[in-house]
Amino acid sequence: MIVKNVEKKEKNTVSFQVEVDKDEFEEAVSSAYIKNKGKISVPGFRKGKAPRMVIEGMYGANVFYDDAVDEVSSKAFEYAVKEETLETVGRPGISAYDVSDDKVLTVTFEAALYPEITLGQYKGIEAPKAEINITEAEVDAYIEEIRKRNARQINVDRAAKLGDTAIIDYDGYLDGKRFDGGKAEGTSLELGSGQFVPGFEEQIVGMKAGEEKDIDITFPEDYHEGLAGKAVVFKVKVHEVTEMELPEVDDEFTKDVSEFDKLEDYRTAIMEQLVTKRTQVVDEDFGYNVIQKAVENMSCELPDAMIEERMAAMINEYDRNLMSRGMRLEEYMRMTGMDPASFQNMIRPQAEAQVKTDLLLAEVAKLENIEVTDAEIEESVENIAKAYGVSTEQIKQAVPADSMIEDMKKKKANDLIMQHAIPTALVEEQEETTAAKKAPAKKASKKAETQTDAAAEE
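Residue numbering for the sequence shown follows numbering that gives the first Met the number 0, starting at 0 and increasing by one per position.
Just so you know, these hints were derived from the structure itself, not from any lab. A portion of the hints provided could be inaccurate.
[Said to hold, decoys possible] The calculated lysine-lysine pairs, modelled on DSS-like cross-linking and capped at a C-alpha distance of 27 Å, are:
#1 Lys411 to Lys385
#2 Lys7 to Lys36
#3 Lys182 to Lys207
#4 Lys276 to Lys410
All of these numbers come straight from a predicted model, not from anything done at the bench.
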């Protein structure tokens, strides 16, 4: 093979040609004939028995060229990458191929190159960090949630009010006709919970057990197809109205809901738990801000192939997560009014942020000569195996060693950056700005889950 016409282009892409000699190409064509001859019918021959020259005479000498090129191209590309010491990313593309009169194949490839990275400051980065300050009011709020979980529902003989739970039947009509999904019996509805469409729960307020009522509702404009913006009527019957009876907060309550005998000890444990959770959130936010600044200080031009590869992985992850909840990605997009293009637009900023962070950490690991010992690898394998309840051998077979080592190096690079980071006071304006910046990059991955929940409730 011969590599020629190597040309580096904008956006970290490269094109080059690989010339494959006639003997190697002939071998690939012969292989393509053997693979495909059983699919080709030729008059006068049983299926799969027609000689190659007969088939080529009927359909042209190039009838097997596409498959032959597919077979030889992978080897040709790998040869060129090694020969020219190219560091490519993503899948290569074949832009053209040509077969000369003497049967020499020339394939033109296009591929993305690993970007050139210039690191900026990554040590001594200053970023805002919130103080850990849990108040007694937060402990009270936590205990109030526990009280609600342990409350009893008791029937009341009065008009329903916000906070009550009503057991209802409802039957929805659009233009005088029942619509699909608008009828249910014996539904438990907490008034004021926002479980139903806006305006529904508020109109149950004031009704007593045994009463019936027609409720007029206009669905929101962003509701799913068929009912968006439509005015409907629900025929509602209330069977029961119950209110929540909360337990007293005392030592007996403490014994019922915790391992403690005294309320004071329980409050202390809750305070410690809230401090631990808040510390984790604050540390994550601080780490995010530090890494983002390091990324902003770095300069590199991302090839589209890297972003698209990461987006494809994210889409597969979304699909797997939705499948675990009984839904497919196609169904989710349909319910939320998205198509593949709009879904990709939603996740693209997060994909770009992830790729940039990976490039930063990989470059820091290289510059700082970060290495991973065999003992550290074994420890990591054991921890992963323990977390998933499988053997270490299964982890070694499932996770490529190179990939694990690279991830461990990036983790060490991240730790190095954080060791040198300098926390500064977090004022209210900074906190709001940080939250606004983080929303698209850090929290986009949760959007599908949240919207799926909302769609399911509707």
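Here is what the structure says about each hint:
1. Lys411 to Lys385: 21 Å, holds
2. Lys7 to Lys36: 40 Å, violated
3. Lys182 to Lys207: Within the cut-off at roughly 20 Å; holds.
4. Lys276 to Lys410: 22 Å, holds
In summary, the structure is inconsistent with hint 2 from the numbered list given earlier, while agreeing with all the others.
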